[in-house]
Each structure stands twice: as C-alpha cells, then as structure tokens.
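A.B. asks: Chains A and B, in that order, give the protein sequences.
Sequential numbering of the first sequence, starting at 1233, is according to our numbering.
Sequential numbering of the second sequence, starting at 984, is according to our numbering.
Just so you know, these hints were derived from the structure itself, not from any lab.
Note that beta-carbon positions come from the ideal geometry of N, C-alpha and C, so glycine has one too.
Hints are supplied without guarantee of correctness; some may be wrong.
Unchecked claim - Simulated crosslink set (DMTMM-like; lysine to aspartate or glutamate; CA at most 25 angstroms straight-line):
hint, chain 1, residue 1, chain 2, residue 2
1, A, K1449, B, E1089
2, A, K1524, B, E1098
3, A, K1524, A, E1283
4, A, K1412, B, D1246
5, A, K1436, B, E1115
6, A, K1436, B, D1167
7, A, K1436, B, D1246
Claimed, not checked - Pair by pair, the computed Cβ-Cβ distance ranges are:
hint, chain 1, residue 1, chain 2, residue 2, range
8, B, L1205, A, Q1516, 21 to 31 angstroms
9, B, A1067, A, P1257, 49 to 59 angstroms
10, A, S1575, B, L1257, 56 to 66 angstroms
11, B, L1257, A, H1260, 53 to 63 angstroms
12, A, L1601, B, F1085, 16 to 26 angstroms
13, B, A1114, A, G1422, 44 to 54 angstroms
14, A, R1525, B, F1085, 48 to 58 angstroms
15, B, R1069, A, S1323, 43 to 53 angstroms
16, B, N1262, A, D1324, 51 to 61 angstroms
17, B, L1247, A, K1420, 27 to 37 angstroms
18, B, A1127, A, S1323, 39 to 49 angstroms
19, A, D1287, B, V1071, 30 to 40 angstroms
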Amino acid sequence: MPNKWTALIGTVLVSGCLGAWADAPTIHIALTTPITGDYAEYGVNFKRSVEMGIDEINAKGGVLGRKFVLSVGDSKGDPKESATLAQKWVSDPTVFAEIGDFTSSCCMASQPIYNRAGMIQLSPTASATKFTPGSKWSFSIVGPQIYEQPVMADLAKNKLKLKTIAVLFINNDWGMDTQKYFKEDFEKQGGKVTATESFFQGDKDFTAVLTKLKQSKPDALFIATMYNDAAMISQQREKMGWNLPVLGPSSLYSTQLMALGGSSVNGLYTDVSFFTKDPDPRIQAYVTGFQKRYNATPNFHAALAYDSIYILADAIRRAGSLDKNAVRDALAATKNFKGQTGSITFTPERDAIKSYKVVQVVNGDFQLLK
Amino acid sequence: MFLQQLINGLAQGSLFALIAISFSLVWGLLRMVNFAMGEVYMLGAYAGWLVVAHLTPNLGVALLAGFAVGWAVGWIIEKVAFKAMRGVPHIASLVCTIGFSFFLKEVATWIFGAETKAMPSYYSQTAFTIAEANVSWLQVLMVAIAVTMMVALQVLFYRTRLGLAVRAVALDYRTASLMGMKVDKVTSLAFSLSGALVGFVGVLAAVYYNAVNPGMGFVAGLKGFTAAVFGGITSIPGAILGGYLLGAIENLSVQFVSSGYRDLVSYLILIIFLLFRPNGILGKKTKL
C-alpha cells in the first residue's frame, strides 16, 4: 500500500511540475457575452468569432511570442451579471483585457469597474452615444447610430425619393438612439415622419401597432429592431396586406432574416459595413472559415466580434509590450485597421466611424444596391 | 378603427384565453400557481416544430406532439414540485415552479440552440375581411378551439364522474381521500391535462407567429396568468373571457393611447378592476 501511495503522489508532483514548466507565457483575454437568456443568439456568435480568431492567431505563433487564452463569461444580457463578471475579470491578475458585452446597457453597467482597474473594455456592438466617452478604457467598434442613420435617411429621401415614413422601434437604449437619429436626419432632408410607435422586448404580436402606423398613410416604414423581430413584423405586415418599402439599420443583416421572414422580407433595405459577398479575399477567408467551422453564415455581430480580437492583437503588437497603458494608447491610436467590417479608425472618444453600403433583399438574398 | 383593432386582438386573446384555462385548472384543484406554464408552452411549440421540420408537414400531428410533450412535462412538474412537497408550506412548491421555468428554458436553449427557428404558416389565407382587417382561417380556428376547449372542460367537470372527483379533490383533498378517492391520480391527471393544453397552444402560437424560440414562454405565461386572474381564476368561462378582454384592451390601448404605454394602460385598468372586483369577472368568492 505505501508504495502505491508514494507512486501516486510522485506522479502527481512530477506531472504538476512538468505542467507548470510546459506553460509558455500567454495573454489571457476575457469575453463577456450573453450565452443564455433572451440575447443568447447574438452572444453565441461573439463566442464563435472570438474563438475562431484566437485559434487563427495562435496557429500563426500568437502575439509577441505568446499565445492567447480565452475565458468566456455569460452575462445573460443582464447589466447586473455583466458587472459581476467585470469584478471577476479585474480581480484575476492574469486577465489582460476584456471583449464585450453585447448590449449598451450591459457595457455601461460594467464600465466603472474596468475604468477603476485600468483594464481595456472593448465592445464589438455597444452603440449608445454615451458609452465610450464614459471611460478612457472603453472602446466600441460598431459605430454609433449618430453616424449610421444619416446613410439610411439619405437613402430614403434622395435615392428612394420617399416623402413620408412611419417609424417602429424596440423600446430600449439602442432602439431609442436609432429612431431618434434616423428621424432627425430624415426631417433635416425635408422628409416627414407620419407616426412613431414602439414595442417591448419579447413582444410577438405587432398587428395592433402596424394597424395604427398604417392609418398614418406613410410612403415607407422604418423599423429599428433586431433581425428576428424584423422578420415577425414583416410576416404580420404581409398578412395584413400592407405592402410598402421597408428600411432598417445594420442589425437586420443576417441570413436569419430570410430564414424567419420568408417572402415577406423581400425588397427590404438595410445598410451594412460587413457584406459576406464582398469579393475581398480577407472577407471570403473569414466567411468560408466560419461556415466550415460552425455550419452557419456569419452575421454583422459575428464579424464585429472577429474584428475585436484582431484589433486587440494588432494593438498589442504595436505596443510591443504587455503594459496595459501602452496597449490602451496603441489601441486608441488605431488607424485604418483593415477589418471585416471595413476600415477602423477610433475617434478621440474611442468610437469607430464606419463606412456603409446599402443592400436590399432580392429573392431571399442580400444584394448590393447600385 | 375600433372594430379593426378589436378583431386584431381576437387571435392574441385566443392564445391568452387558452393559457388562462390551464392556470385555472391547476388553481381550481390545488389553489396553486404553476409559474412554469409559459415554458411548457414553449416546449410544446418546439415539439410541434420538430414534427413539422423533420417528420411531416401535417399540422394535426404537430398539435398532437405539442399536446403529448405538454402532458409529459406537466406530469413531471406535478410529481416534483407538488406531490413531493405536499405537507410543506405552499410557497415551496411555488418557488419550485419558478425554478422549473428557468430550468426548462435553459434546457431548451441547450438542446435547440438560442436562435429563433422558423415555423411555416398554415391556413393563413384570408377567410373574410371586416373593417379592412383580414381575418385568416387560422384566427377563426383559434377562436373555435378556445370555445371548444371551454365547452369540453365544462362538460368534463360538471357532467362526468371524473369531473366530480376532480371537484371533490379541489374542495377538500383530505376528506376526498378518506372517502376512498384516488387523490394522487386525480391531481396528476389535472396537472398533465393543463400541461397538455398549454403545450397544444404553444404549437398554435408558433404557427401563428411563424417562430419558435426558448424565450417565447415568459411573456405568454405572464399574460395568460393575468388573463386568468382578470376573468376569475376559479372559473373556466372566466378564463376565456379574461383572455379575450385582455387581448382587446391591449390592442385598443395601442390604438387610442400609445404603443409605448400599452402595458401601462392595460395593467392600470386591470389593477383598478381588481380593486372593485377582486375575484375577477366570473370568479366566485373562495375561502382559502
């Protein structure tokens, strides 16, 4: 018996030592994203893209001779959870930087924690205008609505020659911002908003609100929603027999829009800064790589998360060290980074200004509008 | 416009009403609320979706699958949350059903994935048009189902021996068991029936909204419960009435106030109503 125990303890000790010895220095990245709850389908795409990016970077030898390791935390789309995870990441001395969260509300709840600890908080998608000015450690790469909506307003007024439009939006931080900037710009161009209505997260029945909007007799409908709500709205609009041009922001860009909406989303206009059919070989490499790995087509949110890990790796490389201040400064100085979602340059307030292309759903597929 | 919005509220009201019936069934028997009802509805919808997406496009089979899955889940919930906890304060069972609600939702996310799945349309052709509102055959069917269910359950409860047993157990389960009634069997049956009903409704909702996702049960369950209390939770016709009224009030408040204040207005009406008539529209006074 004693022999057995000695052997066992010896093995554990030796393997433990070997393990520690084999551990090359790494860069520990934390990802905060909703894996469960109402926002899970967006959060899962974050995880897929970041894992894929990290594997690719590590396969090429990592950054500064170190490989990335990833910890994923599930914020459930709940600001309280997001803040708890922030506490967890900043109290772990191995965590170097954080990517996430999905919603603006979650990012803003955890912002003070990252700010106090001096840790980079890089959100792929937070687009509330108040977010990044709140802390010098906060970055967002989606591009705030204040820069995106002029594109849609211009499309509506000048290209499609629409005079009047009705607006339907989801009642949250993001939806409020989106409809506000769209309306401001559309009206500035001389257009008229006939009616504005909202709905709540989790609503499934839009007939009442669509009936009300229809009575205002607009030329077109603008919907500031996520793609799955947009698909339901379109289905119900079609059943009501209300046919008119429909426009919406880049959140509609997903193959799920057609999978759920069927023929009812045909003709819908949206703007994108990431387009899966872009002939650019870098974008094709990502799209086919993602399809092969996950058997799904990456959407806008996935592409933004993929850009996040690459832009962070790029900043570490340029900083040349793992000094948090140096990397933050290098990240803030990012200029013309060639990402999947276009060229990224941070503003002094650490938001990205994107360029947008307009696409339309034609026969169940997105096509660039000439 | 008034009429058009009323008709819009009809289909939504049918869904509320059918979920409300399920709440009434459980309340009537155990004076308990099953807060996992919305998740049973969601699992029923997934069962229907599985059938349509992988087996056969037959809607009847899909509805049957929703019914069967709802029956099974209802049975399990009764065994764990109620039977195993008989004799301990009721609050434990209540919290247990809340636990089930989160658990079932995450299980569905784990099995089916978090993204919304598409459900094809059935009977979506316009049956007739009133006040510019298109009424589809599906909407007609939903109203017909709600009314049929109400009648069938009334017959079951007031015209059969089984119904008599259920009512006896509801009145006083100790005395009923002393009289030789199989209290456990009756309770289990009523629970499974309420689960089956709500699973069936889940498939209808999935077809009506063309979508299934793990989060679909939460709001539906809450609104169904509200409709049940509104109509008088002790009464099945009351549950139906509560469902349709809630549907109508919600749609009319979108029309005449604002969609942003829809829930504010409808629930304000509800609270004021309950202040004056705490037993709901058709509810009877009950001693607890």
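A.B. asks: Need the list of violated hint numbers for this structure, in ascending order.
C.D. replies: Numbers 1, 6, 8, 12, 13, 14, 18 and 19 - these are the hints that the structure violates, sorted from lowest upward.
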